[in-house]
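Visitor: Required output: the full structure, derived from the provided sequences and hints.
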Amino acid sequence: MPTITIDGEKYQVDGDQNLLSSCLTLGLNVPYFCWHPEMGSVGACRQCAMIEYKDSEDQSGRLIMSCMTPVRDGGIYSVNAETAKEFRGSIIEDLMTNHPHDCPVCEEGGECHLQDMTEMSGHTMRRYRGTKRTHRNQYLGPFINHEMNRCITCYRCTRFYNDYAGGNDLQALGRNHQVYFGRQQEGRLQNGFSGNLVEVCPTGVFTDKTFSAHFVRKWDLQTAPSICEHCAVGCNTAPGARESGNGHDPMLRRITNLYHHDINGYFLCDRGRFGYEYVNSPTRIDQVLSARNEELIGSTADTKDQLHRQVNPRDGVLHLSVQITAAQRKLRRIIGIGSPRASLENNYALRQLVGLDNFFSGLNRLDQHLLQLVNNIHSDNRITSPNTPEIETADAILIIGEDIYNTAPRIALAVRQAARNRQKKQAQDLKIPLWQDTSVRQLEGDPSPIIFIGTEFTELTDIATTTLFESPERVTLFTQALTQEISKSSKQSTEISPEFQKEVNHTAEILLKATNPLIISGISSRHLDTLNAVANLARVLSNHRKVPTKLYLNCGEVNSLGMIQLFNEKEGSLEQLMESLSVSDKEIPTSLIVLENDLYRRLDTPSVEKLLSLVDEVILIDTLLTPTAKRANWIFPASTTAESQGTYVNNNGLAQRFYAVYEGKGYIQESWRWLVDAVDFCTEKSENYSVLRSWKHSTDLSDALAREIYTLKVLAEIGPNEDFRIDGLKVARQSARYSGRTAIHAQQHVSETPPIKDPDAPMNFSMEGIHNPNKTQLQANIWSPGWNSNQSIFKFQQQVGGERKGGPSGKYIEFSQHSTQDSNVSEETSVKPTETSNNLQMLPIYRLFGSEELSNQSMSFSEVIEAPFILMHPDEISQYDTQEGELVDIETNCGNYRAEIKGSNTIPHGCIGVPFGLPGLESLAPQIPGYASLRPAVTPAISEEQ
Amino acid sequence: MIASQIRSMWLVFKHLFRRNVTVQYPEEKPYLAPRYRGRIILSRDPNGDERCVACNLCAVACPPDCISLQKTEDPDGRWRPEYFRINFSRCIMCGLCEDACPTYAIQLTPDFEMCEYDRQNMVYEKEDLLIDGPGKYHDYSFYQVAGKAIKGKDKGQANNEAEPINVKSLNL
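For the record, the sequence lines run as chains A and B.
With this note's numbering as the guide, the letters of the first sequence map in order to residues 1 to 946.
With this note's numbering as the guide, the letters of the second sequence map in order to residues 1 to 172.
If you're looking for bench data, these hints aren't it; they were derived computationally from the structure.
We put the beta carbon where it would ideally sit given N, CA and C, even for glycine.
There are no misleading hints in this set.
Once the Cα atoms are required to be at most 25 Å apart in a straight line, the calculated SDA-like pairs of lysine to any residue come out as:
| # | chain 1 | residue 1 | chain 2 | residue 2 |
| --- | --- | --- | --- | --- |
| 1 | A | Lys-209 | B | Gly-77 |
| 2 | B | Lys-168 | A | Thr-158 |
| 3 | A | Lys-713 | A | Thr-776 |
| 4 | B | Lys-126 | A | Glu-243 |
| 5 | B | Lys-151 | A | His-214 |
| 6 | A | Lys-209 | B | Pro-164 |
| 7 | B | Lys-155 | A | Arg-188 |
| 8 | A | Lys-10 | A | Arg-72 |
| 9 | B | Lys-136 | A | Met-125 |
| 10 | B | Lys-151 | A | Asn-137 |
| 11 | B | Lys-168 | A | Tyr-139 |
| 12 | B | Lys-126 | A | His-248 |
| 13 | A | Lys-902 | A | Asn-168 |
| 14 | A | Lys-209 | B | Arg-80 |
| 15 | A | Lys-132 | B | Lys-153 |
| 16 | A | Lys-132 | B | Leu-170 |
| 17 | B | Lys-168 | A | Gln-171 |
| 18 | B | Lys-155 | A | Met-96 |
| 19 | B | Lys-155 | A | Ser-212 |
| 20 | A | Lys-209 | B | Lys-155 |
| 21 | B | Lys-168 | A | Glu-186 |
| 22 | B | Lys-153 | A | Gln-138 |
| 23 | B | Lys-155 | A | Thr-158 |
| 24 | B | Lys-126 | B | Gly-77 |
| 25 | A | Lys-209 | B | Lys-153 |
| 26 | B | Lys-168 | A | Gln-138 |
| 27 | B | Lys-155 | A | His-177 |
| 28 | B | Lys-168 | A | Asn-176 |
| 29 | A | Lys-757 | A | Asn-246 |
| 30 | A | Lys-85 | A | Thr-124 |
| 31 | A | Lys-132 | B | Asp-154 |
| 32 | A | Lys-132 | B | Val-167 |
| 33 | B | Lys-126 | A | Glu-752 |
| 34 | B | Lys-126 | A | Arg-737 |
Over 12 Å on every C-beta distance to chain A, these chain B residues come out as not near it, computed from the model:
| # | residue |
| --- | --- |
| 35 | Arg-19 |
| 36 | Pro-30 |
| 37 | Arg-39 |
| 38 | Thr-109 |
Guide: Below, the structure written as structure tokens:
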């Protein structure tokens with residue numbers, strides 16, 4: 001480790017880093033703009049100037065750009081030398097000459113890196129009296145606001161957007177001091193990581209448009225560590241909320257990235273960043289609702305839909321408790337349906353209430369089996385699940401049937417970095433440090449091998465060395481052949497064509513040659529055989545290489561892998577529930593408690609109708625008015641991720657706790673609290689109920705889970721309980737400069753009310769308590785004196801770009817470790833064409849905006865979610881008497897759908913790609929991969945009403 | 001001892017010929033300088049538009065946290081407070097809000113007569129705070145010096161601004 005001297009102090013630093021990041025790691029304040037810990041140095045802004053002295057005799061030294069300087073053992077440097085300070089001051093003065101003096105009306109103000117650096121460099125008085133150059137702004141879509149006048153030309157935006165995230169529609173246009181960062185034409189930024197521009201831009205050129213609609217300054221946001229609920233990657237977020245003050249409800253205002261070294265690092269995807277608005281959506285349930293019985297004269301609702309009215313929450317809880325009492329007396333059967341988007345605690349409370357026999361996952365059989373298979377694969381000690389930095393360093397990646405850009409976007413960004421690994425290797429061979437970004441990118445290294453086989457591979461085709469678009473059956477075949485090739489098994493499959501075998505051999509060669517190969521797959525192709533084949537491939541590869549194979553499996557929803565821990569093998573699917581209901585005693589009435597789940601997205605519509613007709617009462621605890629809510633007799637309002645505490649398990653098996661950011665609106669509370677409240681009213685005595693009654697804090701449930709379920713025993717350790725104190729204090733959710741405390745509610749009552757108490761976490765809903773994120777990771781407000789922007793995260797890392805101080809948050813759940821038998825493909829679930837004329841196989845395709853249930857309800861998403869469509873091979877479209885862009889009717893066994901037909905070369909013949917969960921086609925999703933037929937849409941003649 | 005008593009009597013007697021210190025308030029009002037820190041108002045710019053751009057700096061500068069507001073954006077591009085509230089029962093008339101205000105919108109006035117029987121009446125909303133004139137600063141208009149375009153003032157039309165650059169030209 002080199003030793004360097006900075007301003008007379010000796011330090012030991014990491015020799016692989018440049019001088020700037022070494023200084024920052026040491027906690028020294030060196031101003032910078034263009035350097036970014038994840039994107040390296042380009043030396044464009046000249047702001048990080050320091051003095052380097054030749055030796056201890058040297059008095060004057062020379063100016064160097066610290067971001068472009070490798071640390072030299074024994075080097076003598078100065079940050080605070082007068083020449084360096086003067087130089088930095090003059091640079092910032094030059095950068096500021098054209099700055100438009102609009103901080104008060106800039107969304108970045110108060111968390112602006114430019115403000116911080118100007119302050120730090122001591123430029124307080126403007127001397128420039130000339131004219132300022134101005135630019136016109138562009139419309140960049142519903143997420144990002146553009147204000148080009150504020151630009152200081154650091155090039156961070158294009159370096160992130162083009163070089164790091166692989167976008168191609170944001171360019172540096174113009175020349176000299178007129179450089180313009182924008183699109184060639186106005187329009188939405190197409191890349192799914194565009195939201196990071198808001199955080200990457202050191203000033204306010206790119207700001208969050210959704211945040212601006214209900215804007216408050218950073219210091220006025222109340223925050224807590226949270227987990228993004230829009231996919232299963234488990235990115236850490238810091239949602240910001242604030243009361244409204246004008247008689248409306250408190251609101252979730254925005255989502256920002258919360259650094260987690262092993263998952264999201266510095267970046268989030270746009271679904272995660274902008275999908276939060278569903279929390280404030282008008283379809284949000286915030287009251288207890290009960291179906292009304294009175295006859296209506298006229299209504300636009302479907303005949304089966306229930307019409308609800310608000311009731312006193314107490315009445316709802318009493319009703320629920322009556323049902324529970326009846327169940328205890330064996331006069332009623334209560335069935336619980338859990339959900340992969342509900343926290344472990346909520347699922348567990350329901351399981352505890354109804355008993356394991358009456359608890360079902362809310363997934364169809366296929367999904368349930370897929371998840372259980374994933375769980376089994378994880379328990380194999382020949383397979384490990386790689387985290388993001390491990391994915392970024394893989395030197396060969398095989399992606400099987402998973403369109404990661406749309407299903408696990410943050411992983412796609414990691415894969416994009418892995419594509420540069422040969423280039424990086426070459427740079428290392430040439431002794432070019434990796435932080436020398438431009439130099440490394442100019443090397444003509446081959447791209448690292450990335451092989452994709454599957455249906456659709458959005459946004460990553462430019463980095464893939466081989467892409468094979470095949471049907472799931474052929475994907476399975478490919479994987480099996482690859483397994484045979486690697487295991488050198490003599491059993492040759494006869495079904496494989498020579499070209500296909502060539503690809504297999506090529507891939508096998510790459511995987512065997514690689515020192516750090518990685519396989520990515522998941523459940524989203526909805527094909528058990530494929531997943532089985534992938535597992536076998538990973539096992540064979542591990543046998544061959546004698547080290548566990550890195551296999552990343554995407555599980556679809558935020559808590560899929562966690563929820564599946566609550567079920568026994570091959571149990572818990574909705575089909576099983578139907579079977580159990582159809583044979584059960586009809587004398588005893590049945591109640592169904594549905595927990596945060598929309599059954600119409602899980603089962604085809606006729607089956608859901610049948611299921612609902614088999615029960616006497618439907619009780620729903622959920623956040624949004626879903627189709628299931630329309631059929632429920634009672635609805636209880638549940639809190640969303642940002643309003644509650646709980647635990648999610650991500651794709652890696654990392655159990656992470658999220659904390660309530662704010663109290664929410666109406667009568668919402670965590671689902672488990674509704675159940676416990678009902679049990680509290682219950683008159684029957686039972687051991688089980690006294691356990692439920694004893695739960696007062698969210699951590700009580702976590703501890704109970706840890707005791708009861710072996711694989712989840714880490715839950716007892718992943719976060720402190722509500723008694724935890726630091727120096728006798730709780731953690732503050734509000735910043736020390738939270739404003740308006742004595743005015744925000746003054747129009748209702750001039751005397752202040754005490755802040756509400758959090759029963760679950762050692763955190764205050766006020767500014768009292770610990771503010772320093774170095775003291776606890778429960779503090780999500782990343783701020784340090786002089787560093788108001790999110791750049792201040794380096795003050796809370798062990799080294800720049802490293803782990804947070806205090807270690808990583810979250811703990812890996814313990815899959816029961818055993819070396820399972822190589823599973824053979826034998827499942828009854830593979831779908832065959834039925835006797836009807838439906839002959840087109842539906843393949844699931846995914847969209848970043850549109851495939852996830854909750855984010856679809858965000859206001860800003862309405863502009864970016866596509867209208868219902870299906871994809872078909874262009875050659876085949878004409879066979880159906882239609883053409884691209886026309887509407888077609890999709891006929892399935894369970895109903896007809898209308899969608900636009902689009903051509904896509906990636907869809908195999910005889911198949912159609914159906915967007916999973918897209919609004920308008922949600923209820924088609926459970927039927928995938930079933931069969932359908934097409935015919936041109938005939939618009940029904942509109943009968944003129946007199 | 002007797003001398004002391006006589007001295008006291010003399011001093012008291014002398015005051016018979018001094019000018020009265022007591023002012024007959026409220027019939028008689030004392031002079032307060034224009035810079036006196038009294039009741040807070042929100043002013044308008046010379047065109048009669050609200051000066052406040054809802055930047056929140058007054059709220060964050062306020063030691064007793066008695067200012068609260070919410071930003072909203074008008075169709076003409078101006079930022080404006082959707083509501084603006086000062087809880088005068090908490091206000092300490094320190095004037096830090098005025099110091100913090102980048103647009104001269106919030107100003108303290110030489111009026112201190114703010115008595116109420118009900119504390120709730122000390123909560124002033126924007127309607128109560130907004131006056132019709134520019135207050136102490138007659139000519140300042142924030143949007144004339146800021147580079148953000150609003151309706152009626154395009155890019156390049158603020159003070160000291162060059163014409164917007166056409167990126168598609170050569171720009172020599």
